[in-house]
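Here the working numbering is used: the first residue of the sequence shown is 3, the next is one more, and so on.
It is worth saying that the hints were derived from the structure and are not from the lab.
You may find that some hints are simply not true.
List of simulated lysine-lysine pairs, DSS-like, C-alpha gap at most 25 Å [as the list claims (entries may be wrong)]:
| # | residue 1 | residue 2 |
| --- | --- | --- |
| 1 | K158 | K64 |
| 2 | K83 | K101 |
| 3 | K64 | K170 |
| 4 | K101 | K147 |
| 5 | K42 | K21 |
What follows is a list of derived Cβ distance ranges for each label pair [unchecked claim]:
| # | residue 1 | residue 2 | range |
| --- | --- | --- | --- |
| 6 | L16 | P123 | 51 to 57 Å |
| 7 | E79 | A178 | 18 to 24 Å |
| 8 | D143 | E92 | 19 to 25 Å |
| 9 | P123 | D89 | 26 to 32 Å |
Note that the Cβ used here is the ideal one computed from N, Cα and C, for glycine as well.
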Amino acid sequence: MVAFTPNLQDVTLLSDAIKYITDELTNAFKCNQLESVLKKYHYPATEKTAEPYFDASLPNGKILVLGSSSCSERHLEATFKALGLADRLEYCLDYSKLKRYEFERLRNNHHYRLIIVGPMPHSTHGTDDYSSVITRMESSDEFPKVVRAMNNGELKITKSNVKAILTKEKSSGFIAA
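Build out the structure end to end from the sequences listed, making use of the hints.
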């Protein structure tokens with residue numbers, strides 16, 4: 003075996019590289035991009051080892067729409083029907099009912115495949131230490147997939163953005179028709 007004796011230039015290069023990569027990882031972590039930087043370096047821990055809880059839920063599970071809506075219940079039902087999803091729709095669009103909605107019943111519940119969210123009160127049950135119940139559900143693998151219904155950068159449930167969300171989720175295979 004040949005002994006390795008690093009020279010000062012190699013030691014300096016190694017030290018600079020460690021600092022550079024550490025800074026890159028720290029910045030990626032702060033920007034919620036850590037996984038992509040780790041993949042760049044082929045770090046093995048980024049490989050998917052287990053299915054998240056709701057990846058295993060049925061693609062034909064219920065689709066829940068939660069939040070104050072600018073479209074009527076009738077329009078929402080028609081949108082789901084046009085996409086072949088009429089029997090999968092559940093909703094709670096009443097702002098005052100959302101204050102008392104039991105979000106905890108959605109945890110670890112395989113009956114639901116997708117939750118489309120719009121504007122809702124910040125003072126709802128089930129926020130725990132999160133700023134909103136939406137953030138709590140998005141941050142946990144114990145809840146079904148959450149998609150924010152956005153319009154011009156704001157939470158807003160409209161017929162067109164619900165249709166776009168459903169079309170995207172159908173075409174990706176996440177929900178079945």
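Do the hints match the structure? See the list:
1. K158 - K64: holds, 21 Å
2. K83 - K101: Violated, at about 28 Å.
3. K64 - K170: Within the cut-off at roughly 16 Å; holds.
4. K101 - K147: holds, 21 Å
5. K42 - K21: It holds: about 17 Å lies between the C-alpha atoms, which stays within 25 Å.
6. L16 - P123: 51 to 57 Å: holds, 54 Å
7. E79 - A178: 18 to 24 Å: Distance hint for E79, A178 holds at roughly 19 Å.
8. D143 - E92: 19 to 25 Å: holds, 21 Å
9. P123 - D89: 26 to 32 Å: Cβ of P123 to Cβ of D89: about 29 Å, so the range 26 to 32 Å holds.
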